[in-house]
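*Asks:* Single-letter residue listing:
Protein chains: 2
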Amino acid sequence: MELSHVRHSSWIPDGESSFLSSKCDHKRFTRLRVKLVRCSTTLASSPGTLDLLSPLEQLTTAEPRPVLKLAKAFAPATVANLGPGYDFLGCAVQGLGDFVTAEVDEGVEPGKVRIKNITGDSGRLSYEPLKNCAGIAGKSTMELLGIKSVGLSLSLSKGLPLGSGLGSSAASAAAAAVAVNALFGSPLSKMELVYAGLKSEAVVSGYHADNIAPSLMGGFVLVRSYAPLHLIPLVFPSGKQLFFVLAIPEFEAPTKEMRKAVPQMIELKRHTANCSQAAALVAAILGGNAALLGEALASDTIVEPARSPMIPGMAAVKIQSMKQGAYGCTISGAGPTAVAVTDDESKTEAIGASMVLGFREHGNLRAGYSVHKLSKDGAKVVESLDF
Amino acid sequence: MELSHVRHSSWIPDGESSFLSSKCDHKRFTRLRVKLVRCSTTLASSPGTLDLLSPLEQLTTAEPRPVLKLAKAFAPATVANLGPGYDFLGCAVQGLGDFVTAEVDEGVEPGKVRIKNITGDSGRLSYEPLKNCAGIAGKSTMELLGIKSVGLSLSLSKGLPLGSGLGSSAASAAAAAVAVNALFGSPLSKMELVYAGLKSEAVVSGYHADNIAPSLMGGFVLVRSYAPLHLIPLVFPSGKQLFFVLAIPEFEAPTKEMRKAVPQMIELKRHTANCSQAAALVAAILGGNAALLGEALASDTIVEPARSPMIPGMAAVKIQSMKQGAYGCTISGAGPTAVAVTDDESKTEAIGASMVLGFREHGNLRAGYSVHKLSKDGAKVVESLDF
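So the sequence lines, in the order shown, correspond to chains A and E.
Each residue of the first sequence is one higher than the one before, starting from 1 at the first, in the UniProt record's numbering.
Each residue of the second sequence is one higher than the one before, starting from 1 at the first, in the UniProt record's numbering.
By construction, these hints were calculated from the structure, which means they are not laboratory data.
Some clues are possibly wrong.
Claimed, not checked - Derived DSBU-like pairs: lysine-lysine, alpha-carbon spacing no greater than 35 Å straight-line:
| hint | chain 1 | residue 1 | chain 2 | residue 2 |
| --- | --- | --- | --- | --- |
| 1 | A | Lys240 | E | Lys69 |
| 2 | E | Lys260 | A | Lys260 |
| 3 | A | Lys269 | E | Lys256 |
| 4 | A | Lys269 | E | Lys131 |
| 5 | E | Lys260 | A | Lys269 |
| 6 | E | Lys148 | A | Lys373 |
| 7 | E | Lys148 | A | Lys269 |
| 8 | E | Lys112 | E | Lys148 |
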């Protein structure tokens, strides 16, 4: 694990969890879908129509009491899009992410949150709760829980650089949602917490779940539809190797501008080609086939070609990583981070070095690289304090 | 199994086979891909560029001698597109298909084929070998084998109605390819025979493999790319139930006109939606989830909406089949056949009857229905005669 080149890096161990949804437990999954369908039809009749001003519908039958005084949660970085999986596929990676500590705070008006502290953001994030990813997700989680009797304060410790294409906003939101839920005994499932995260994402980078869902749930998550919201966890078989090499250049790609670069009309033949590559990507994930995963991830003919020229050096980074044995390489999220995949740990150093060199020589950008496994757990509580 | 309403129906038992490729044997699969890549780069540098006038490159190292005097093969009907899998996904179904008998014939010029007999086509198919699906595929298989010393005659028995959307041309081609290959001891794999079938398909309905590949290989097949040709067998888990209810109206939808109905430019949001549904379709197949398979298959927002109005009654057929418990329903191939899916055999009769009624009442079309399981085998030899 090479982290020394990455600014603001956080590391946390990530083993197997007993979280049912990410293991595709069908009985539980079905029960949840019913609830989500009911919820989503009232909340979000189509993508983008989430009412940002109205509170979320309460999912609990009665307001739960806090069972902890403090809960600290970690949520991992996510690689969304994965080439042809644009806007509907993402995965969580170990070793990078954000921490949020939620506390019951008598100094805060009941039903409200305040942001108590933010570190690791170089002073760039707002302390206004409804202008802060963690604040919005924390408040939205309180709405889902139906919390009206206590106020909470949140402390955010950013491990992820902003605007890096690694789901920085989603990680803050996911950590806040899990921490707030934990204070009340975690009555909501991670799938239910996706609603709180979606509200936060809608404010920051558009109504899309391909970062927030994997950051919460772990593994690969396919967003099949938004109305109703239907999330499908895709389990990469344990026992199969998969390494993500992330090269993060010192260059901020604003998510909204990168979205604008994507063509609004697609030729049929490109549509069909990308669809078949997305289908192959799913087959690769479920089959644990890292080579096919890399090939499919590198085969996007729509979004990557439009965005790649906006990230200096990206085209060279892709070519050079694959010359060093990466099965494929593409832009992580909306960039500028480049992600390459391999199942051979011994190649990761050469792949990472070639990517850093690519950014430097062809993009005149300083960059660092790090190597990550899939985070199967997603967001989780790492510390708690009883009353 | 209800077949009485279907004209020209053929039935053949279809059990488990030991065919390696359709079982995803990765070692063999990798070896084949190398060969196919080599082959495809010389034969077809991009979709549609297959040279219809030039012979296919020989894949054998030496011309094989015939080991049989006669071989009769059956190839199953196929359901292509499957909604969002437009042009890259198809599957083979049991109980419907074409037969081709290939014979070593001293009366035929060495290296050539002739069409000796055609039944079940109401006199509509050509006896000119290079204007007949079975003839083109038979001749192309001889080219792949390198046959120059003997001539062959082919007899075609059509079980599939023409222009029905069930891969009629592909079934004839697949049966011819398997029968000719069998005469020489079957040195070519089914994946290699796809090249012969593709040449035939290119003449009849465009250069696409989503019927010919599953008709040859069985099961579900994902066509990831054409240049190089990369076919991915998707194994629906044995032990999971899946029934296809096919309603075939008396209405011929010409494949080329149905292709023209498909929009050439796709809005980004529709592209993303269809991609995510195609991805879900693959997850459903590999997970043996018939409900999700049906939901995804019924969720195409691009091709089905464009073609459905051209098939009288189709919209009603879809709605009525789902009211009777089908998980989903869409157009099979380019139509006019409608395909509905369920995992509950007890519902198939009501689903089929509702589809027939839908075509009659809303489309003023007579129709029949039949119920089919997945054909895991694909094309196979059913009869042979030694010298």
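*Asks:* Under the criterion that the straight-line Cα-Cα distance not exceed 35 Å, is the pair E/Lys260, A/Lys260 satisfied?
*Replies:* holds (30 Å)
*Asks:* Need the status of pair A/Lys269, E/Lys131: alpha-carbon distance at most 35 Å?
*Replies:* holds (27 Å)
*Asks:* Hey, E/Lys148 versus A/Lys269, does the alpha-carbon distance stay inside 35 Å?
*Replies:* Roughly 38 Å separates the two Cα atoms, so the pair is violated.
*Asks:* Next pair to validate is E/Lys148 with A/Lys373; report whether the Cα-Cα distance is within 35 Å.
*Replies:* With Cα atoms ~55 Å apart, E/Lys148 and A/Lys373 exceed 35 Å; violated.
*Asks:* Between E/Lys260 and A/Lys269, does the CA-CA distance stay at or below 35 Å?
*Replies:* Status holds; Cα separation ~13 Å.
*Asks:* Does E/Lys148 lie within 35 Å of E/Lys112 when you go C-alpha to C-alpha?
*Replies:* holds (8 Å)
*Asks:* Is A/Lys269 within 35 Å of E/Lys256, Cα to Cα?
*Replies:* At roughly 16 Å apart (the allowed maximum being 35 Å), E/Lys256 and A/Lys269 satisfy the hint.
*Asks:* Need the status of pair A/Lys240, E/Lys69: alpha-carbon distance at most 35 Å?
*Replies:* Violated: A/Lys240 and E/Lys69 sit about 48 Å apart, past 35 Å.
The structure fails to meet hints 1, 6, 7 from the earlier list, while all remaining hints are met.
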